[in-house]
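S.K.: Below, each chain spelled out in residue letters.
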Amino acid sequence: MFPASFGYFAARSLEEALELLTKHGEEAKLLAGGHSLIPAMKLRLASPRYLIDIGQVPGLSGVRVDGESLAIGALTVHADVASSEIVRQRLPGLAEAASVIGDAQVRNRGTIGGSAAHADPAADFPVILTALNASFILQSPSGKRTVGADNFFIDFYTTALKADEVLTEIRVPLPPSGAGTAYAKLGHPASGYIVVSAGVLVIRERSGRCASARVAVGGLGSGPFRAAATEAALKGQPLTPEVIVAAAAKAAEGSDPVDDLYASADYKRHMAVVYARRAIESGVRRAGG
Amino acid sequence: MDDSRTISVTVNGVKHRAEVEPRTLLVYFLREHLGLTGTHVGCDTSQCGACTIHLNGRAVKSCTILAVQANGAEITTIEGLAREGALHPVQEGFREKHGLQCGYCTPGMIMSAAYLLKTNPSPTEDEIKHALEGNLCRCTGYVNIVESIRWAAAKMMKGEE
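Residue numbers (the numbering used here), protein chains in the order written: chain A, 6 to 294; chain B, 23 to 183.
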């Protein structure tokens, strides 16, 4: 299988990529690692007229601490997120999610920015990035804007990115001490895509109560689903096993999953409860509880 | 669309300059332009790992990379793994421990395993299995494949003592 023909540009700088994107607009697609786009092009699900390859644009890769945030370049591959010392220490839930995407070869090539911008409803990064309240830096010829995860993932394969914008960086707030992050995934045994997954950020007070929590569940709809009922059931409560079980039981409340070939809607709701519980338990342990 | 590009890549230590159509996949470039047919096309959908090569030192699936994306890269294929006539320890391990049946998945398995041992010289059995998630053997010869890699790891560790 091979893709339909396209015009190809290898951008040497972000400026050049932006110029090309402005010129070709909706007819062009950005190419980073290509691990979502190339398979779609081979299956002729996508046939962009132009590809703008940003894979070798300097300065868009790597993980660094910037103030109270971790700044992750959009071209950082999954394997480098998973193995980053600072990610493993401060945001173990993010390292966990990165380490279970696809397989070793995919993690060596797929990029965090590509995964976020593709917004596959069965992808791992959108779920954990929503739980961690990440922000997305979008660059256009006219300037830069920052969009939070809750407003970035809009629908199936749809984000807040405009046709002339490039996602350059993802910023993840570094949790305070006493916080725990975790990711738990039920992957499809053949494809590795999520059936259901849960990402959490739990902030624990010294008293053992939950100051606040963010819980995102994947697999229940068009993108990451904020489990608001679970979050509300944790907030202010002592993080006992009973409280966690009762809160996790609400993980699918307000969601509207559909049956598919692999799993029924009921099964997905049930798994959302199970995996939310596992992720919360793990997050609470890491928070010292 | 006549939009050929010139790319230059170093494959198994040899520099090549070639004209390719942008839609040419790296695996077909290696097989059909360079005649390096040791890298196999299996599923052609980024699942099976038969097309695994090393691109700038990392194991990747060459069916899911455009040849133009590899412009300027260093590539190692299964043909480049043996050095001066001596098999790579992973290749030896597959021979010693009968790590192949039909042989179709073998080049990809070996390239993944060689990458694993470069990054983790002493993997546990679980780590080996995890590292091979992206390589499918339809003969289901996994037990001996894992054994082969353990054999290679032991040999490489011994060699470093």
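Worth double-checking, as some hints may not be accurate.
[Unchecked claim] Simulated restraints on C-beta separations: (1) A/64 x B/25: 23 to 29 Å; (2) B/96 x A/17: 16 to 22 Å; (3) B/96 x A/194: 32 to 38 Å; (4) A/245 x B/165: 43 to 49 Å; (5) A/194 x B/39: 53 to 59 Å; (6) A/271 x B/67: 27 to 33 Å; (7) A/67 x B/117: 38 to 44 Å; (8) B/39 x A/21: 52 to 58 Å; (9) B/117 x A/193: 31 to 37 Å.
If you are wondering where the hints come from, they were derived from the structure by calculation, not from laboratory data.
Every residue gets a Cβ at the ideal spot worked out from N, C-alpha and C, and that includes glycine.
S.K.: Determine for every hint whether it applies to the structure shown.
M.R.: Here is how each hint holds up against the structure:
no. : hint                      : verdict
1   : A/64 x B/25: 23 to 29 Å   : 28 Å, holds
2   : B/96 x A/17: 16 to 22 Å   : 20 Å, holds
3   : B/96 x A/194: 32 to 38 Å  : 35 Å, holds
4   : A/245 x B/165: 43 to 49 Å : 44 Å, holds
5   : A/194 x B/39: 53 to 59 Å  : 43 Å, violated
6   : A/271 x B/67: 27 to 33 Å  : 30 Å, holds
7   : A/67 x B/117: 38 to 44 Å  : 40 Å, holds
8   : B/39 x A/21: 52 to 58 Å   : 23 Å, violated
9   : B/117 x A/193: 31 to 37 Å : 35 Å, holds
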